[in-house]
Every structure is written in structure tokens, then in C-alpha cells.
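I would like the entire structure built from these sequences, with the hints used as guidance.
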Amino acid sequence: MSEVILSGHGLAKTYREGDLVTPVFSGIELAVRAGESLAVVGASGSGKSTLLHLLAGLDRPTEGHVRLLGEDLYRHSEAALGRLRSRHLGFIYQFHHLLPEFSALENVMMPLLIAGQGSRQAAGPAQALLEQVGLGHRLRHKPGELSGGERQRVAVARALVNRPACVLADEPTGNLDENTADAVFGMLMALKDQQESALVIVTHDVRLASRCDRVLELSQGRLRERGG
1 MSEVILSGHG LAKTYREGDL VTPVFSGIEL AVRAGESLAV VGASGSGKST
51 LLHLLAGLDR PTEGHVRLLG EDLYRHSEAA LGRLRSRHLG FIYQFHHLLP
101 EFSALENVMM PLLIAGQGSR QAAGPAQALL EQVGLGHRLR HKPGELSGGE
151 RQRVAVARAL VNRPACVLAD EPTGNLDENT ADAVFGMLMA LKDQQESALV
201 IVTHDVRLAS RCDRVLELSQ GRLRERGG
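Quick note, the sequence shown lines up with residues 1 to 228 if you use the UniProt record's numbering.
Read the hints as simulated data drawn from the structure, not as lab findings. A quick note: this is a predicted structure, and the numbers were derived from the prediction, not measured. Take these hints with a grain of salt, some might be off.
[As the list claims (entries may be wrong)] Label pairs and their in silico Cβ distance ranges:
1) His-97 <-> Gly-118: 22 to 32 Å
2) Arg-16 <-> His-141: 39 to 49 Å
3) Pro-23 <-> His-141: 40 to 50 Å
4) Glu-225 <-> Lys-142: 38 to 48 Å
5) Ser-119 <-> Arg-163: 32 to 42 Å
6) Arg-75 <-> Glu-178: 34 to 44 Å
7) Arg-87 <-> Arg-60: 12 to 22 Å
8) Gly-82 <-> Ser-119: 18 to 28 Å
9) His-97 <-> Arg-60: 20 to 30 Å
10) Ala-43 <-> Val-21: 14 to 24 Å
11) Gly-10 <-> Glu-196: 20 to 30 Å
12) Pro-23 <-> Gly-124: 41 to 51 Å
13) Gly-134 <-> Gly-82: 25 to 35 Å
14) His-97 <-> Arg-163: 30 to 40 Å
Even glycine gets a Cβ: it sits at the ideal position worked out from N, Cα and C.
Set out below in C-alpha cells:
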């Protein structure tokens, strides 16, 4: 049995605004093992992205806790939490969130620079990953000069450049046509397998979700395994 990389225990999230209380989910239990791919599916508004944000340490649960490589994320200071995230997690979003003023190469280098590497040291692995996703000829292009599929390939490279223990992806192909989505997802799966990273992907695309090792469905505040 492979090591548990990321886990959620008794996770609950409730939003409060004045007298209005909106429960999203409760009692969520989840374990992600080294190297596995896991898809979370569910209707719009079911709380999939909220769950991903809790697992990423980007939002705090109302109840429960998250462990990354055995460490409780929410017992750390914000600075220490940021260091844990930058060292062990990679992120991909539906809207790539690339920095528009920087080139593709500079965007992919960014996690390594934030982790304290120098520019020369960071450039090598960043360029190698861009070449692996077919963008070796686009290193100096800025996001505005790239197609939607190319921007998402840059985002995939950026998420994996620090060789994270786990990649968290929120609708990473939701903004792409079917053929481009297939290509980007294929590249993501190949790279994560190569690096032996785990993957948690939130998606409405059941077709892509079925290519993962496990599929979980978030519905009516509960997380259940599908199939298998």
C-alpha cells in the first residue's frame, strides 16, 4: 500500500453571512496516495472547488483538518503554510492564472524562484518541461501571444516544475474544446506519472474523470466513491 500524501479528516465547510447559514458539506473523509490520480465530480455548486481549496490550504474548514505528508496544514502559520504549499503542491486552474507580463519560461520558473532558486538554476528544469509539453519554440512568448491550449500547457508545466508530491487541478480543461482538452489532460497525466506525483482533479467532464484511478462524487454534502 503506497504512502498517503494528502488527506482530509472530518472536513466540513459552512458559510455565514449575517443570519444566513449555508452548509456546503460535512464529514468528508479523503486520502490521496502517492502517484495515484483521483477525480472529484459533481453538479455545479456542489462544493468541489471548495473542497479542493481546503485540501490546498487556501481556505480553512469549519471543522476537521487536512494533512500533507503527515503535517496538519492548519496548525502552521501562514508563512509556514505557504512554504509547505510551494514545496509539495502544484496547482492548475481553469483560467490559467499566468502572469501576463512574463514569458512562458518565466511563468514556469516562478515556483522555483519563490522557493529560493536563482534564475539560472530555475531556467533549466522550466525549459525542459516546456519542451516536454511541446512549447520549446514558445519560451519567450507571453500569455497573450499563446492559444488557450498553449496557455494551459504552460500552466501544467508550472504546476509540475517543483516536482510536487501532489498536483491539485480545478477544471483544468473546462475552458478548452474537446480535442485540446484531451491533449492537455494527456500531457498532465504523462508528466505526473513520470514524476510519480499524485493528482486530484475537480472536473465536470466525466469522460476525462474516467481516465483517473478513482472517481469520487460530491453530492448533497457527501463524498462517495463511484464505480469500482
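The hints, checked one at a time:
1. A hinted range of 22 to 32 Å holds for the C-beta pair His-97 and Gly-118, which are about 24 Å apart.
2. Between Arg-16 and His-141, the C-beta spacing of about 45 Å keeps the proposed range 39 to 49 Å intact.
3. Remark: the range hint 40 to 50 Å for Pro-23 to His-141 is upheld by a beta-carbon distance near 45 Å.
4. Remark: the range hint 38 to 48 Å for Glu-225 to Lys-142 is upheld by a beta-carbon distance near 42 Å.
5. The supplied range of 32 to 42 Å is broken by Ser-119 and Arg-163, whose beta-carbon atoms lie about 19 Å from each other.
6. Separation of Arg-75 from Glu-178 is about 43 Å and conforms to the stated range, judged on CB atoms against 34 to 44 Å.
7. The hinted range of 12 to 22 Å is satisfied by Arg-87 and Arg-60, whose Cβ atoms lie roughly 20 Å apart.
8. Between Gly-82 and Ser-119 the C-beta distance comes to about 21 Å, which sits within the given range of 18 to 28 Å.
9. For His-97 paired with Arg-60, a C-beta distance near 21 Å keeps the hint of 20 to 30 Å intact.
10. Take Ala-43 and Val-21: their Cβ atoms lie about 21 Å apart, and the range 14 to 24 Å holds.
11. Here the CB-CB span from Gly-10 to Glu-196 is close to 29 Å, well matched to the stated 20 to 30 Å.
12. Here the CB-CB span from Pro-23 to Gly-124 is close to 48 Å, well matched to the stated 41 to 51 Å.
13. In this structure, Gly-134 and Gly-82 meet the distance hint of 25 to 35 Å, their C-beta atoms being roughly 31 Å apart.
14. The hint said 30 to 40 Å for the Cβ distance between His-97 and Arg-163, and at roughly 20 Å that hint is violated.
Violated hints, in rising order: 5, 14; the structure is consistent with all others.
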